[in-house]
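Undergrad: Chain by chain, the residues:
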Amino acid sequence: MFLKVENLTKSYQTGEVSTQVLKGVRMILDKQEIGVILGPSGSGKSTLLNIIGGIDRCDSGLVAVEGIEVTELSDNKLTDYRRDKIGFIFQFYNLIPHLTVGENIEVASNISKFPLQIDKVLDAVGMKDKKHRFPKELSGGEQQRVSIARAVVKNPKLLLCDEPTGALDFTTSRDILKLLQTINKDFGTTILMITHNTAISAMANRVFRVRNGEIVESLINRTIVPAEGIEW
Amino acid sequence: MVINKKIKRTMLESKSQYFGSLALIVISCLLFTLFNLLSNNLANLTSTFEKNYVQEDATFKTNKKLNNITDLETKFEMKIEEGSSFDYAASNTKVLRVFNENTKINIPAIIKGEALTNHAILIDPAYAKANDLKIGDNLKIYDLNFKLSGFMSLPNYIYPLKTEGDILTDPNNFGIAVINKTDFSAINEGNSFYSIKFDGDKNALESKFSGFKEYLKSENVTILNWMDATSNPRITYVTMKLSGINQVSSSMPVAILVLTCILTGVVMWRMLKRESAIIGTLYALGYKKVQIQNHYLRYPLVIALIGGLFGTLLGAFTLRPMINVMVAYFNMPVDFVSYNIKYIVISILLPVIFLIAAGYFVVSKALKSSPLELMRGGKAINKVGFLEKNLKLDKLKFSTKFKIREQLRSIPRSAFLLLGVILATMLLLLGFAAKSSLDSLTKGGFEEAFKYNYIYVFNAIQKGSPSKGEPFSELPFTLTSDNKSSIAVYGVSPNSQYVTFKDKSGRKISSDKIIITRPLADKLRAKPQDTMKVISKLDSKEYSIIIDSIAESYVGNYIYLPLSKFNSMLNFPSGSYMGIWSTERLDIPENKLLTTVTKEDIKNAFKAMTAPIQTTVGTMALMSFLIGLIVIYVVTSMIIEENKENISLMKVLGYRKKEIYSMILNSSIFLIVLGYILGVPLLLVSLSGMFKSLTKEMSISLPITISYSYLVIGFVIIYITFEVSKALSKKKINRISMHEVLKSRLE
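From first to last, the protein sequence lines stand for chains A and B.
The numbering of the first sequence is our numbering, which starts it at 1 and goes up by one.
The numbering of the second sequence is our numbering, which starts it at 1001 and goes up by one.
Simulated from the structure, these hints should not be mistaken for lab results.
The beta-carbon is built from N, C-alpha and C at its ideal position, and this holds for glycine as well.
Each hint should be verified, as a subset may be incorrect.
[Claimed, not checked] Listed below are several chain A residues computed to face chain B (Cβ distance under 10 angstroms; list not exhaustive):
#1 S46
#2 N155
#3 S218
[To be verified] Facing chain A, a subset of chain B residues (Cβ under 10 angstroms, in silico):
#4 D1199
#5 K1202
#6 K1389
#7 K1395
#8 F1402
#9 N1646
#10 V1652
#11 V1724
#12 L1728
[As the list claims (entries may be wrong)] Below, in silico cross-link-like pairs of lysine-lysine (DSBU-like), each with a Cα-Cα straight-line distance of 30 angstroms or less:
#13 K128/A <-> K1365/B
#14 K131/A <-> K1658/B
#15 K113/A <-> K1463/B
#16 K157/A <-> K1273/B
#17 K120/A <-> K1401/B
#18 K1365/B <-> K131/A
#19 K85/A <-> K1657/B
#20 K113/A <-> K1730/B
#21 K1365/B <-> K157/A
#22 K85/A <-> K1732/B
#23 K1395/B <-> K128/A
#24 K4/A <-> K1075/B
#25 K136/A <-> K1129/B
#26 K1731/B <-> K113/A
#27 K1732/B <-> K130/A
#28 K1005/B <-> K131/A
#29 K1395/B <-> K120/A
#30 K130/A <-> K1730/B
#31 K85/A <-> K1365/B
#32 K1383/B <-> K136/A
#33 K1730/B <-> K77/A
#34 K1401/B <-> K77/A
#35 K1383/B <-> K85/A
#36 K1657/B <-> K77/A
#37 K1395/B <-> K85/A
#38 K136/A <-> K1365/B
#39 K1273/B <-> K113/A
#40 K1383/B <-> K128/A
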């Protein structure tokens, strides 16, 4: 078992009001699998992803990645965990505007112990010829490819994607999903992806449906659909 | 307008940037008000003092007493008063120059205490303070006991220099005092001199002087020594200082205001970019461009008004203590302090005009976009800057690339930082350069050139060979081309043991040549073999002198001739001389001497000279530290704010705190180093220009230089400023949450 989440709870305090966002979440994901978390806005899926990625803390429960109990790590160890094990892909790409494509990828490879070759990764995401361009010179889809390359270059064990196609049109979205599937196969990276597009769940090994801070449905897909076959 | 309510809130949100602008305006208005009011007050004090206490037009010594003073006064429409003074050695190093009390010219002005009575003495306040003397204390002068009845100023000793060749006063070791004529006669010491003051305007003084000198000559009176008020450094240094203050008051505040304008422009631009959706919405709601413009111009207006008022008030409050500091150097009575409304109004309005202009430029540019463009976050700029695009950084380390790109991201911000560091460097090194230059002047001007320890000047021409020491002669001259200048012509023994000069290339110049000093050569733009025309101040005759060499000696407008040539040129008896240079103390009766100066006096004067510079160095260092800190801190805050999402992203990616500090906070280090490197030559050039204009009327040529050790110290101070600002900024970085990147919609 690559990822194990048990009895995870999290609440936020807003003034006098306390809102419980996660209420005893349980989930597992095996190595090299793709997991998709589905759910409406405010269901707690982003909070879950943030805790798994080590950028937020839970109130109680357990998150273990490759046997490491993430919930028990100190701040410094948590930084090392993010550095060595995790790759993030965001809905709005979050590229550094004044760095070129190549340099944006270097932001991640720079701190990695065993980074992949930048040119190889750029080739994999189809952006090798745009290495010296700046983000503002790229389309949304191209920026997301760079963002994927930045996440992959660290050669992470777990790739966390927060609505990676949320800001893209259908064709571009499908290209991005195809790319993620290729990365999963070629680099053996485990992927956990948030989306509220149910069609995407067809490409996942496991699907988790979240509502009101709870996993209300957990499915294992027997047949994985290639990304190019997904329609919505 | 209700939207004006957000001004205060917005400013408090980005405190460091607005308070940075505010602090710079406060400093600039403080300096503007303080220096202009100070200069205005000093000018008033000087002219009132000169007028009320009848400052002399000239002073001179003669070979015999003038008996017909009343006739002379009527004939030449002037006042003449005979004065006397002697130097009393209060200890081995301390000298008190005691004058008898004048009643017509150079009347002592009592600053504190009571008028003179028998056995009472008035002294200058700086000497009293330095030597811990209080009113009512007893002082012994020779065998007479005196009671210190008060402190006074003399109009001919506003800047109480011991000798005319000194540059700075030394109140520890030299002071002036006045006693009444009865007590002075009882002591029976000293030499007489005359002070004159012509009636009417000062325009035709030169011709009046010439007529008077001619008359004395016709009466067989030889003038042994003559000093015009315009050549007397004890009087003219105040004018020089005023001109220095005027230069500071006109240049420094403007430089800081320009810096503030850039800062305010950058801050405004960033705010308008951030608020572009709000502006677009206001447009869409029906607000007019002029209303929006008015709202955004209130930001620089508020900053300029608060800063201007506060800085001006601070400047006005510090005026009195500053005048007190000045009168510790320039001994003048302070009857009243005037607060000229003109400077106060200008000081308040200047930042308003500067900042509103900068703000208007930025706001107008931002409001050119359409409401829709503004609501979408401003005009999308998809063009990459030329520099950003064409800079090839592939071979550099990632962190270096990141830092360079960070600086290229906002050129105005980088320009502000660069200018700020240059200004801070110049301020910081100003004091150091002054000290280095004076050190070099001491070494080149005195220690290497003059080997004597004692100078004895006789009150009559001597003949024959002295038993000890080396004979010399000295007479005051002026230039034909500039009759206000004062030069001294020396007759020197061939192969002098006591005066040795070097030329520019460091070669020793033989004393059988005609040598002029560097300040005189610079003043005349003279080179070897040029002919200079000079007029003797004693007989007003013109002489031509061909220059053989120029000596690299930096103090004094001096001409050195072989003694035989000096005597033949001036029709003095062959082999005659006026003084002796000696390495050891000589036993010469006091009544045969006009003056005695020891090298110790000169050394003390130089030691004292560097003492106030230490204070200047300290003050300048503190001020540059403050300006540097404000500029670097504000820029660092801007960088952090601009990189909020990037910092958050770095945290998410697993960057450690130290790595983030290094990438973000160290990104300005190039500009800090560049600013420092550019600041050094800029300072040397501007200091050299400033000093040349200040010493135009003086006999000094200061070789502007700065020692390597001071350059290192200066850099260390600037670097510490940078480190302090980094330390202050670390908290800001730590406060940025990793969620910031999740909320953002970058690019």
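Undergrad: Next step is simple, just say for each hint if it's right about the structure.
TA: Right, here's what the structure says about each hint:
1. For S46/A, the shortest C-beta to C-beta distance to chain B is roughly 7 angstroms, which falls under 10 angstroms, so the interface hint holds.
2. Nearest Cβ of chain B to the Cβ of N155/A: about 13 angstroms, over the 10 angstroms cut. The hint is violated.
3. Hint status for S218/A: violated, given a least beta-carbon distance of 25 angstroms to chain B, over 10 angstroms.
4. At about 76 angstroms, the closest approach between the beta carbon of D1199/B and any beta carbon in chain A exceeds 10 angstroms, and the interface hint on this residue is violated.
5. This hint is violated: K1202/B has a C-beta 66 angstroms from the nearest C-beta of chain A, more than the 10 angstroms allowed.
6. Hint status for K1389/B: holds, given a least beta-carbon distance of 8 angstroms to chain A, under 10 angstroms.
7. Proximity of K1395/B to chain A is violated relative to the hint, the smallest CB-CB distance being about 12 angstroms (cut-off 10 angstroms).
8. Taken as an interface hint, F1402/B checks out: its beta carbon lies about 7 angstroms from the nearest beta carbon of chain A, inside 10 angstroms.
9. With a least beta-carbon distance of about 5 angstroms to chain A, the hint placing N1646/B at the interface is held under the 10 angstroms criterion.
10. A least Cβ separation of about 5 angstroms between V1652/B and chain A falls short of the 10 angstroms threshold, and the interface hint therefore holds.
11. Interface restraint check for V1724/B: the shortest CB-CB distance to chain A comes to about 26 angstroms, outside 10 angstroms, so the restraint is violated.
12. This hint is violated: L1728/B has a C-beta 22 angstroms from the nearest C-beta of chain A, more than the 10 angstroms allowed.
13. Between K128/A and K1365/B the alpha-carbon distance is near 38 angstroms, which puts this suggested pair outside the 30 angstroms criterion.
14. For a cut-off of 30 angstroms, the pair hint linking K131/A to K1658/B stands: about 28 angstroms separates their Cα positions.
15. With a CA separation close to 94 angstroms, the supplied pair K113/A and K1463/B exceeds the 30 angstroms bound.
16. Taken as a hint, the K157/A and K1273/B pair is broken in the structure, with Cα atoms around 39 angstroms apart against an allowance of 30 angstroms.
17. For the suggested pair K120/A and K1401/B, the alpha carbons sit about 21 angstroms apart, so the restraint of at most 30 angstroms is met.
18. A threshold of 30 angstroms between alpha carbons decides the hint, and for K1365/B with K131/A the separation of about 33 angstroms lies outside it, so the pair is violated.
19. Of the supplied pair hints, the one linking K85/A and K1657/B holds, its CA atoms being roughly 18 angstroms apart against a limit of 30 angstroms.
20. Between K113/A and K1730/B the alpha-carbon distance is near 26 angstroms, which keeps this suggested pair within the 30 angstroms criterion.
21. Restraint check for K1365/B and K157/A: the C-alpha separation of about 49 angstroms exceeds 30 angstroms, so the hint is violated.
22. With a C-alpha separation of about 27 angstroms, the suggested pair K85/A and K1732/B falls inside the 30 angstroms cut-off, and the hint holds.
23. Taken as a hint, the K1395/B and K128/A pair is honoured in the structure, with Cα atoms around 18 angstroms apart against an allowance of 30 angstroms.
24. Restraint check for K4/A and K1075/B: not satisfied, since their Cα atoms lie roughly 117 angstroms apart, outside the 30 angstroms limit.
25. Our distance criterion of 30 angstroms between C-alpha atoms is broken by K136/A and K1129/B, whose separation comes to about 70 angstroms.
26. For the proposed pair K1731/B and K113/A, the alpha carbon gap of about 28 angstroms is at most 30 angstroms, so the pair holds.
27. With a C-alpha separation of about 35 angstroms, the suggested pair K1732/B and K130/A falls outside the 30 angstroms cut-off, and the hint is violated.
28. Using a Cα cut-off of 30 angstroms, the hinted pair K1005/B and K131/A is violated, with the two alpha carbons roughly 47 angstroms apart.
29. For the hint pairing K1395/B with K120/A, the CA-to-CA distance comes to about 18 angstroms; that is within 30 angstroms, so the pair holds.
30. Proposed proximity of K130/A and K1730/B is contradicted: the alpha carbons are some 35 angstroms apart, above 30 angstroms.
31. Simply put, K85/A and K1365/B have alpha-carbon atoms about 47 angstroms apart, too far for the 30 angstroms limit, and the pair is violated.
32. A C-alpha spacing of about 8 angstroms is found between K1383/B and K136/A, which places the hinted pair at or below 30 angstroms, so the restraint holds.
33. Taking the CA atoms of K1730/B and K77/A, the gap is near 21 angstroms; set against the 30 angstroms cutoff, the hint holds.
34. The suggested pairing of K1401/B with K77/A holds, with an alpha-carbon distance near 28 angstroms, which does not exceed 30 angstroms.
35. A hinted pair counts as satisfied when its Cα atoms are at most 30 angstroms apart, and K1383/B with K85/A does not qualify at roughly 36 angstroms.
36. Between K1657/B and K77/A, the direct Cα distance comes to roughly 13 angstroms. Compliance with the 30 angstroms bound is thereby established for this hinted pair.
37. With a CA separation close to 28 angstroms, the supplied pair K1395/B and K85/A stays within the 30 angstroms bound.
38. Simply put, K136/A and K1365/B have alpha-carbon atoms about 22 angstroms apart, close enough for the 30 angstroms limit, and the pair holds.
39. As the CA atoms of K1273/B and K113/A are separated by approximately 39 angstroms, the hinted pair breaks the 30 angstroms bound.
40. The hinted pair formed by K1383/B and K128/A meets the criterion: a straight-line CA distance of about 21 angstroms does not exceed 30 angstroms.
Violated hints, in rising order: 2, 3, 4, 5, 7, 11, 12, 13, 15, 16, 18, 21, 24, 25, 27, 28, 30, 31, 35 and 39; the structure is consistent with all others.
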